[in-house]
Structures are given as structure tokens and as C-alpha cells.
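Turn these sequences into a full structure, and let the hints guide you.
2 protein chains.
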Amino acid sequence: MKHHEIIIDLLGSDLGPEEMLKGASLVLEEFPLVNLALAGPRALIEAAGLPEGRYRILEADKTVTNLDNPVEAFYRKESVSVFVALEEASRNEDVIGVINAGNTGALFVGAIRYLLADKAVRPCIAAILPTTQGGFTCLVDTGASIDCGPAQLVEFAHLGSDFMHTLYKLDSPRVGLLSNGAEPTKGNNLVKEAHQLLAREEGINFIGNIEGNKTLSGLCDVLVCEGFAGNQVLKNSEGMAVNLITEIVKYGKMHNQPAAQEIAGYLMSRFDFASLGAGIMLGTRKLVVKSRGSCRREAIRNAARIIINLAENKTLYESIH
Amino acid sequence: MKHHEIIIDLLGSDLGPEEMLKGASLVLEEFPLVNLALAGPRALIEAAGLPEGRYRILEADKTVTNLDNPVEAFYRKESVSVFVALEEASRNEDVIGVINAGNTGALFVGAIRYLLADKAVRPCIAAILPTTQGGFTCLVDTGASIDCGPAQLVEFAHLGSDFMHTLYKLDSPRVGLLSNGAEPTKGNNLVKEAHQLLAREEGINFIGNIEGNKTLSGLCDVLVCEGFAGNQVLKNSEGMAVNLITEIVKYGKMHNQPAAQEIAGYLMSRFDFASLGAGIMLGTRKLVVKSRGSCRREAIRNAARIIINLAENKTLYESIH
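So the protein lines, in turn, are chains L and G.
The numbering of the first sequence is numbering that gives the first Met the number 0, which starts it at 0 and goes up by one.
The numbering of the second sequence is numbering that gives the first Met the number 0, which starts it at 0 and goes up by one.
Think of the hints as simulated: they come from the structure by calculation, not from any bench.
Careful, some of the hints might be misleading.
[Claimed, not checked] Straight-line Cα separation of at most 25 Å, DMTMM-like style, residue types lysine to aspartate or glutamate; simulated pairs:
#1 L:K285 x L:E92
#2 G:K252 x L:E92
#3 G:K76 x G:E28
#4 L:K191 x L:D161
#5 G:K118 x G:E200
#6 L:K76 x G:E182
#7 G:K213 x L:E246
#8 L:K61 x G:E182
#9 G:K252 x L:E246
#10 G:K213 x L:E297
#11 L:K249 x G:E246
#12 G:K249 x L:E261
#13 L:K249 x G:E210
#14 L:K249 x G:E17
#15 L:K213 x L:E192
#16 L:K285 x L:E28
#17 L:K252 x G:E246
#18 G:K191 x G:D161
#19 L:K252 x G:E261
#20 G:K118 x G:D146
#21 G:K21 x G:E87
#22 L:K168 x L:E192
#23 L:K213 x L:D161
#24 L:K191 x G:D146
#25 L:K76 x L:E51
#26 L:K168 x L:E182
#27 L:K213 x G:E210
#28 L:K191 x G:D13
#29 L:K76 x L:E17
#30 G:K61 x L:E182
[What the hints assert, rightly or not] Some, not all, of what chain G presents toward chain L, calculated at C-beta under 10 Å:
#31 L57
#32 A181
#33 N188
#34 V241
All C-beta atoms in this analysis are idealised placements derived from N, C-alpha and C, irrespective of residue type, glycine included.
What follows is the structure in C-alpha cells.
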């Protein structure tokens with residue numbers, strides 16, 4: 000492995016920079032050939048006791064909250080960690096990727112400003128979800144582009160197809176469109192228009208509409224949807240997995256059934272959205288991984304695994320298991 | 000129990016009128032004081048061998064498919080079973096409800112034409128979902144009103160609140176708004192506008208935005224959303240429950256773990272969307288229950304239970320368990 004550097008934006012997560020620094024420490028332990036650039040307050044970083052020579056500091060002491068307007072924040076604030084991180088990623092060749100657990104809108108604005116792969120194509124955030132067939136489906140977009148138009152859904156189809164082609168060596172990834180019915184006539188106006196566009200788009204293996212109860216059935220390799228709907232699918236899938244697993248554990252305790260714990264553990268390994276569900280930005284020149292705001296240190300390590308393995312051209316499966 | 004009549008629309012379901020007639024037979028067996036009016040082809044109904052004197056025939060031999068435009072179908076076709084059923088419900092006092100498993104759009108168009116409770120308020124289709132707290136949340140709308148405006152979401156809030164007040168004697172049902180973040184600034188344009196309207200709406204106990212991973216956590220009694228998003232939540236929840244239960248059964252077989260079957264059975268009883276998920280139309284003068292197109296005979300019996308218990312002012316919990 001050649002020398003790599005990953006930037007971690009320490010600010011903006013729910014558990015605070017201390018937890019992000021614990022995550023940074025796990026990354027340095029697991030990957031002796033990877034160094035880190037940490038965007039955040041100098042004093043805090045220096046106090047964390049990370050191994051000398053393995054990290055550098057990108058000074059920044061401000062963050063964008065969920066109550067800020069991300070575009071205004073970009074122009075008004077200086078020393079904002081997410082923008083400092085992305086700008087550094089854009090100009091430093093050693094940087095292979097950026098990890099962020101803060102405001103999605105700010106990450107999106109910064110990525111457009113500094114890291115666009117193609118100026119005509121806006122980036123989006125994909126999630127790689129486990130299917131019941133044992134494979135993976137790339138859900139795109141999961142919340143970066145709310146209220147987008149039909150042409151953007153076609154862009155998501157291309158970005159998702161390219162990604163799944165790179166990641167799993169799929170020749171012609173099957174692209175499905177999330178809708179409220181399988182027939183081409185079903186959908187809101189956006190989906191109906193996108194259906195027509197996708198059906199005649201070259202370079203896309205469009206297989207038609209996919210209903211909400213089939214999102215994880217492995218019918219398609221790329222599932223295209225607008226960000227609001229995609230966010231519902233992602234979070235609802237995660238929430239239902241947590242709900243059922245919690246019920247199993249409760250049942251096991253109530254009925255003194257030790258197998259319940261074993262089964263709950265198995266399901267967690269199969270449907271562990273906390274690690275699998277890290278958002279991966281598509282359409283950028285560098286890898287950008289969006290961890291959940293509530294993420295713990297292990298999620299930061301997982302994000303680093305994803306970046307390193309993608310950079311080394313391994314599959315995401317290898318990067319997680 | 001006083002004399003009741005329920006109309007069953009036999010046409011338009013995936014398994015065909017024969018399965019609907021089997022469902023009709025189950026209803027007649029379970030409810031000796033309920034009679035049926037069956038909308039469908041006379042010959043087929045007469046050949047079904049249902050007990051004499053317990054049913055009458057509403058002749059109709061056409062249906063609206065998913066490829067038809069429901070409004071055009073309403074004006075062009077005659078003898079369409081769903082419209083025959085709804086018209087009869089509107090003028091016959093003995094009829095307490097209608098069961099349908101066909102095209103949602105056609106049901107919606109017919110309900111607006113014949114059964115509106117208030118001409119200014121369009122109906123919607125709610126689902127009663129089980130929460131992890133042991134209670135129920137009314138999800139509204141689940142797919143009848145795609146691409147609606149913010150004022151309609153406020154109507155859903157009222158319809159859902161009234162329904163949960165009637166059903167569970169809740170004094171002031173807590174209303175949540177489905178969004179991609181908990182903060183009032185999160186959402187697509189529709190949700191942001193609806194948030195402002197709901198916050199100042201009288202007679203609504205608005206508790207704010209609910210994220211997709213919290214839909215079944217019992218945080219609210221009524222969860223308001225536009226039909227496309229609601230359809231995703233409903234179907235995704237159902238799909239995830241099926242996925243995890245299937246995994247448990249597979250795991251049990253593979254590891255020779257008999258407890259797995261028991262746990263799967265328990266989860267099915269807790270999260271059985273096939274019966275719980277029947278759509279209930281709100282905003283109509285008569286009860287209209289929309290069963291899934293793929294429903295089996297038992298789902299028709301469940302739909303009748305819901306109608307009878309609602310008509311008798313019992314809770315839905317009693318009607319299902």
C-alpha cells in the first residue's frame with residue numbers, strides 16, 4: 000500500500016470531537032501506513048495523545064449546524080472545519096478521502112465547491128445496502144438532493160451504475176426506480192417523468208419501477224430515488240431492523256430463550272446499517288464518506304476502511320467484513 | 000349487533016374474484032348477523048355456493064386496471080364493480096362499509112364522487128401500524144394522494160386525529176410530520192411549508208418532525224406525510240419485517256435451532272402488516288377498507304372485522320386480535 004492520507008472533520012457530530020478523535024485513534028491503530036489530517040481546534044487535537052508523526056492539524060474551530068443555511072455558512076464563516084477539510088482534499092495529492100459526520104447540506108455545498116468530478120453533474124450520497132440475496136444494492140440519493148428534477152435522477156443512475164461497476168465488477172448494473180407501484184404509470188410526477196427518461200437513456204440497464212417492499216430484495220443493483228424518499232427508505236430500513244432485533248432480545252429475556260440472543264446477533268451482522276449505511280458521495284474527485292451524526296468511534300474506523308479499500312480497488316464487501 | 004350489510008368489490012385483485020368469494024364465505028361464517036352485497040359478475044357469484052339469503056348481487060363485470068386512467072374510467076365505462084359498490088354504499092342505509100382490493104386511484108375517484116363526508120376535504124387512506132411501545136400509529140396518507148400540497152397535509156392531520164380520537168379515545172392525539180430530520184428546517188419544500196402550517200393550526204397537537212427510523216417508535220399517534228412517501232414507509236416497513244423474519248427461519252434451519260421458528264412466529268404476530276396494514280379511508284361517510292391487491296381470503300375477513308368493529312365503536316386492536 001502506498002502512502003495515504005485521510006482527512007477527518009472532527010466537528011459537527013452529535014457525540015462531539017472527543018469521540019471523533021477516539022475514532023481517529025482506531026484508524027491509526029488499524030492502518031499503520033495511513034496518516035491522518037484532522038480538521039478541528041488545535042488544542043483539542045494536541046491533547047488527544049495521538050501518535051506523533053502520524054497526523055497533522057488543519058486548524059478550524061467553527062462548524063455548520065442544522066439550523067444554519069449551508070450556502071450562507073460557506074460565504075460568511077471562516078475556519079469552518081468541513082470546508083477546510085474539503086479544500087485541503089482538493090489541493091493535496093496524498094489525500095485519498097474525507098470523513099465527515101456533520102451537516103449534510105454543508106458537506107454537499109463544500110463538495111460542489113471543491114471536489115466536483117464533472118462540473119455539469121451534481122454529486123449525490125449513496126448507501127450500499129445488504130439484500131436478502133446476499134448481495135448489495137446502491138441506494139442513491141439518500142438525502143443530499145431534496146426536491147431534485149427528473150434529469151438529476153438520470154444522473155444518479157449513471158453515478159450509481161459507474162460505482163457498482165467499479166466496486167463489484169458488474170458489467171451492466173441493473174437500475175431500478177423507486178416508486179409506489181411496479182407499472183410505468185405509477186409514481187409521483189417526478190418518478191413518472193424520470194421513468195420515461197431512464198427507459199430511453201443510453202448506457203443504463205433500466206429494469207423499471209421497484210416498490211418499497213422490494214428495496215432490499217436484490218432485484219436491482221442501483222436503486223434510484225430523490226433524496227427525501229431515499230432518506231425514508233434508508234432510515235426506515237434501519238429503524239425496522241432495530242425494532243425487530245430489539246423485540247427478539249425482549250422475547251428471549253421474557254421467555255428465558257437463550258437462542259434469541261444468538262439470532263439477534265446474527266441479524267445484526269446481516270443488517271448492521273450503522274456500519275453498512277455510511278453514505279458515500281458519488282460524483283466527486285476524492286472519496287467522501289458521510290457518517291451518521293450520531294456515529295461512534297467504530298463508525299469512523301469503518302468509514303476509513305471504506306475509503307482505503309475503495310482507493311485500493313477492493314470491493315466494499317471486503318472493506319466491511 | 001344490529002343488522003349490517005358490507006359490500007365486497009370482487010374485481011380487480013391479483014388473485015381474482017374466486018379468492019374474494021372465498022373471503023366472502025369466511026365473513027359470512029364468522030359474522031352470522033352480517034349480510035353481504037357482492038359487486039361482480041352474476042354467474043360467478045351464483046356458482047360460489049354461498050348461503051342463500053345472506054347475500055345479494057350488485058351486477059358488474061368491468062374493472063379498472065393499473066394501466067387505466069381512473070377518472071376516464073369513471074366517465075367512460077359502465078358496470079365497473081368499484082363504482083357500482085360505492086354508489087350503492089352512498090344510497091343504502093344498511094351498508095356499513097365497502098371492501099376493495101383493486102386499483103387505488105379508482106377507489107379514490109369513486110369515493111370522492113359518492114362518499115365525501117365534507118365536500119371541502121378530500122379523503123385519504125390511512126394505515127394503523129404497530130409501534131414498539133405496544134400501541135399504534137396512524138400513518139396518513141399511504142398512497143391515495145400523490146403530489147399533494149401542504150394544506151392537504153394539514154387535512155390529513157385533522158382526519159388522522161379525529162380517527163385516533165374515535166378509535167382509541169385519545170384526548171389529544173400527538174401529530175408528527177414525516178421528514179428527513181427532526182429540526183423544523185429539515186424537509187423538502189412541501190414538508191417545510193406543512194411544518195409551518197401545522198405549528199399554528201388549531202385543534203392539532205403538533206409535536207414536530209419525525210425521522211424515518213422513528214416511524215414505529217410510538218412518538219406520535221398520527222404520522223402525516225404525502226402519499227408517495229407514506230407508501231414507501233408502509234411498504235418498506237412491511238418488506239423489512241418479511242426480510243428479517245425470513246432470515247430467522249433460514250438461520251433456524253441452517254443451524255438446527257428450533258427456537259428460531261418460535262421467534263419468527265412471535266414477530267409475525269407483532270408485525271403482521273398483511274392484516275394490520277389494510278388501508279382505511281378517512282374523510283368518507285361510510286367505512287371503506289382497501290385491502291392489498293395481492294390479498295388472500297383471510298385479508299378480506301380481516302377487512303370485514305375492521306369495518307364491523309369500527310361500526311360498533313370498538314378499538315381496532317379488538318378488531319384484529
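Hint numbers contradicted by this structure
Violated hints (numbers, rising): 2, 3, 14, 22, 25, 26 and 31; every other hint is consistent with the structure.
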